[in-house]
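*Asks:* One line per chain: the protein sequences are A and B, in this order. Once you know that position 97 of the first sequence is 99 in the numbering used here, the rest is easy, because the numbers rise by one and skip nothing. Once you know that position 75 of the second sequence is 287 in the numbering used here, the rest is easy, because the numbers rise by one and skip nothing.
These are computed hints drawn from the structure, not numbers from a lab. The beta-carbon is built from N, C-alpha and C at its ideal position, and this holds for glycine as well. Certain hints may be false.
Claimed, not checked - Every beta carbon over 12 Å from chain B, so not counted as near; a handful from chain A, in silico:
1. LEU13
2. THR17
3. GLU81
As the list claims (entries may be wrong) - Which residues of chain A face chain B? A few of them, derived with a C-beta cut under 8 Å, are:
4. LEU43
5. GLY44
6. LEU45
7. PHE50
8. LYS103
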Amino acid sequence: DVKVTQSSRYLVKRTGEKVFLECVQDMDHENMFWYRQDPGLGLRLIYFSYDVKMKEKGDIPEGYSVSREKKERFSLILESASTNQTSMYLCASSLQGFGEKLFFGSGTQLSVL
Amino acid sequence: QQQVKQSPQSLIVQKGGISIINCAYENTAFDYFPWYQQFPGKGPALLIAIRPDVSEKKEGRFTISFNKSAKQFSLHIMDSQPGDSATYFCAARPRGNLIFGKGTKLSVKP
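This is chain A alone, in the form it adopts within the complex (with noise of 0.2 Å):
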């Protein structure tokens, strides 16, 4: 069965420090997402990539950058983590591009105080 997976359910970060979220997909998907889900605003898209080592902002790339050195894995950083980045982010990765078909993890809340 595909299988997107976060490595946190939950983490708890203190404003300022570096914050990695990972993401592993065991489909061979080309194509990968970083999405944060915010009540009232839905899903707002940060990064993707369509390939190892590519990247391209989404909509809402400040603060934050990612990495991807191998196909299956993708990383979000948070530089210095600030309150408003408090959120649940959501992984998500996909055969075909431009959005078709989007297999999701199941989500990492991040809190920082």
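For this one, chain A is given, so just place chain B on it according to the hints.
*Replies:* Frame of chain A, contents of chain B only:
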């Protein structure tokens, strides 16, 4: 920024009733319209999707109705069940990545 406007924000339906969630988009260049279903503690999962060359698509109790001229599409859940209680997101693709609506929390009362 292009938007997809989704309504209502929340919806309560009795078991056996019809749930209807509406979305509107701005750009006629959008070419793919999926609906995602999200249960508490889980990530969204693709439920059903439609392309603009058809006006309706049905999969079991779930139907998408698409009105190209009005730039609107809707999800109908027939014979709604308590197990359908979830948050539903519409989305549209402007020949790039998906743009999601803000979500509708559906509660189906027994």
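*Asks:* Compare the structure with each hint and give your call.
*Replies:* Comparing the hints with the structure gives:
1. LEU13: Per Cβ check, LEU13 of chain A is outside 12 Å of chain B; nearest 15 Å; holds.
2. THR17: Given a closest Cβ separation of 27 Å, the condition holds.
3. GLU81: Given that every Cβ of chain B is farther than 12 Å from that of GLU81 of chain A, nearest at about 23 Å, it holds.
4. LEU43: holds (6 Å)
5. GLY44: holds (4 Å)
6. LEU45: holds (4 Å)
7. PHE50: holds (6 Å)
8. LYS103: Check passed: Cβ of LYS103 of chain A comes within 5 Å of chain B, closer than 8 Å.
Consistency with the previously given hints is maintained throughout, with no hint failing.
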